[in-house]
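**Q** Single-letter residue listing:
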Amino acid sequence: MIISVVILGAPYSTQAPATALRFAKSAIAAGHTIHRIFFYHDGVNCANELIIPAQDEIHLPNEWQSIAKENTIDMVVCIASAIKRGVIDPTEASRYEKPASNLKDQFEISGLGQLVDASIHSDRVITFGP
Amino acid sequence: MIISVVILGAPYSTQAPATALRFAKSAIAAGHTIHRIFFYHDGVNCANELIIPAQDEIHLPNEWQSIAKENTIDMVVCIASAIKRGVIDPTEASRYEKPASNLKDQFEISGLGQLVDASIHSDRVITFGP
Amino acid sequence: MSVQKNLLLICRKAPYGNALPREAIDIALAASAFDQNVSLLFSGDGVWQLLKQQKSDSINSKNHGKVLSALALYGIENIYVDNDSLKQRNLSKDNLLVDTKSVTINEIKALCNNCDTIFNF
Amino acid sequence: MSVQKNLLLICRKAPYGNALPREAIDIALAASAFDQNVSLLFSGDGVWQLLKQQKSDSINSKNHGKVLSALALYGIENIYVDNDSLKQRNLSKDNLLVDTKSVTINEIKALCNNCDTIFNF
Amino acid sequence: MILHTINKSPYSSAIFNDCLRLCSDGDAILFIEDGVYATQQGTDSYQLIEQHPEVNFFALAPDLEARGLTSDQAKVLTVDDNGFVELAVKYQKVQSWY
Amino acid sequence: MILHTINKSPYSSAIFNDCLRLCSDGDAILFIEDGVYATQQGTDSYQLIEQHPEVNFFALAPDLEARGLTSDQAKVLTVDDNGFVELAVKYQKVQSWY
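Chains as they are written, first to last, in the numbering used here: chain E, 1 to 130; chain S, 1 to 130; chain H, 1 to 121; chain U, 1 to 121; chain X, 1 to 98; chain G, 1 to 98.
Check before you lean on any hint, since a few could be wrong.
Here are some chain U residues pointing at chain G (derived, C-beta under 7 angstroms) [what the hints assert, rightly or not]:
#, residue
1, 17
2, 52
3, 59
Label-pair ranges, simulated between beta-carbon atoms [stated by the list, open to error]:
#, chain 1, residue 1, chain 2, residue 2, range
4, G, 90, H, 72, 37 to 43 angstroms
5, E, 96, U, 90, 51 to 57 angstroms
6, U, 102, G, 77, 31 to 37 angstroms
7, H, 94, X, 92, 31 to 37 angstroms
8, G, 73, U, 93, 22 to 28 angstroms
Calculated directly from the structure, the hints in this document are not laboratory data.
Small disclaimer: the values here were computed from a predicted structure and weren't measured.
Note that beta-carbon positions come from the ideal geometry of N, C-alpha and C, so glycine has one too.
Could you put together the complete structure from these sequences and hints?
**A** Shown next, in the form of structure tokens:
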């Protein structure tokens, strides 16, 4: 089955990105295809390269990065949600004259159309709320 | 009266930083002293220099920056909350080998002792929850 | 995106305190722009979103009522409101700024069962 | 920080779903390290924080029970639990991993009225 | 005497009930943000307000206005941001419910 | 048929009630994260579970374990992460309550 996942909660504040990660791993292990992970609302913080978790805690952005790489999953960060939360790529940084960018590799900033597209091309869309 | 403010909610996700801002402005106008603003939990995102609000929306990080500058208010961002949420200063960036830092001017990263200190030296501590 | 699906957005949260209600409307607009068949149901605290005379300048926030007025511009016409939720809040359709169809719990269940995807915000 | 104040921390939220309960305990530890007089009250869903046999490896999270065990190391002894909140959840003090004083609603009001600062988490 | 602030709708969150339970006589509750939805007449939460004359109820005007609400002023007094500060000063402690 | 997920405690949030109201016969509710606190016997929320035999109730095992809880398995079946995926596949739609 083709499954897409929506993440609305921030890592280290809510459990949403961690629960979604376990779900995605199990879905892949069961032979399903994760079509896209869409990061929306506070979920966009998963893509912040500057996150430094405590040493005894799971590194959620790295985990998402790995699972996406290994399984060629599309990881899309909603642009409207991201820029107002301070998660920006080099293009935004230069457009808005910001001193740096912080979007993690393997994540891509794009529009809500990618969520609509995911809902069209997936058999299931499952949301992990804050 | 000496008042300190604690902000727990993220800007553009919750109303907390906006409500706290109006409260702080009114307190100053009434002749009170704002001793310290302590940014904790998701409130630390107020200090993210990379935030780009929509054009028709209030720029909360800039507003906090201005009010602190004009009234010499201490704005402390909790280090434990901040680094796991990807808000870091140049010191943290170099310690953890991150490609950039994003702490906004006028904000300072420090420990929870600053919250305890604020509660000792203020007549009132008021928290704005997420 | 040539496939057209039936998408139901359930708006359950009050406006202003949290950004989720606005972000939900953005999804509706995007889906409509991509020719999807979008229905909106305002239920629970979501019915507060529909209230007339919101004056959000007082809290330096974008007016949610105006956000909702974009629904008509995007041709989104299937807008439902949960009748029980209105009653529980001592509200009637006269208090609402958008033209909505008032629905019973059984009609809501039918909406949920007949769509392809549900987003619950 | 030579002044000593009475600080009451009301822990009202369940652990794991959100970081706030852990961050509240961090405040208690910091206040104690700075010689403040710290009291903790577990009330509402906060009483779940005290449950024995939490095995949070299953969700890749730090064990909240172990976080609480730091309270004793920091010499925090005024730990109260809301008796009504326990009952409402069909729990008794036998289910709890920390030694707590069970308090009634009137005792809780007295705690609130007799401290200098309240943090509600 | 304590000033309690409540920032969530009583239809979605239990904090209004939780807060009322801990209120002592003479305490105040100020509804802010989504908390102001508790102040509307003819609802269960308004009944709860009426049942607690020992508590002083207030609502933050900018939050009412933003949401298209008014207060009847009978049981719930409206205060502006300056009034919020005055309440925080008048009461000895502020306890935030969220 | 719909799989509903609930991730908040029934003592703090109204979503368990709100969700039950919208459930059709044969729908399933999976308690995840803080939602699993609804599954404990001898409580009001457990009574609510017992009163809805037309709904299939599940709880996510890793979240129960983390919190020091167990399920009696009588009215609420425990599933692991693989079981969560199986439920999402078995039911036609997933609706998330948070």
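**Q** Starting from the hint 37 to 43 angstroms, judge whether the C-beta atoms of residue 90/G and residue 72/H obey it.
**A** The hint (37 to 43 angstroms, Cβ to Cβ) holds, given that residue 90/G and residue 72/H are roughly 39 angstroms apart.
**Q** Could you see if the CB distance from residue 102/U to residue 77/G stays within 31 to 37 angstroms?
**A** Given a distance of about 34 angstroms, which is inside 31 to 37 angstroms, the answer is holds.
**Q** Measuring from beta carbon to beta carbon, are residue 96/E and residue 90/U in 51 to 57 angstroms?
**A** For residue 96/E and residue 90/U the Cβ distance comes to about 54 angstroms; the hint holds.
**Q** Would the stated hint for residue 59/U survive a check requiring a Cβ distance to chain G of less than 7 angstroms?
**A** holds, 5 angstroms
**Q** Between residue 94/H and residue 92/X, is the Cβ distance one that fits in 31 to 37 angstroms?
**A** With a Cβ separation near 44 angstroms, residue 94/H and residue 92/X fall outside 31 to 37 angstroms, so the hint is violated.
**Q** Please verify that hint: residue 52/U, Cβ, nearest Cβ of chain G, below 7 angstroms or not.
**A** Hint on residue 52/U: holds, closest Cβ of chain G at ~6 angstroms, below 7 angstroms.
**Q** With 7 angstroms as the cut and Cβ atoms as the points, is residue 17/U at the interface with chain G?
**A** holds, 3 angstroms
**Q** Could you see if the CB distance from residue 73/G to residue 93/U stays within 22 to 28 angstroms?
**A** holds, 26 angstroms
Going down the numbered hints, you'll see the structure goes against just number 7.
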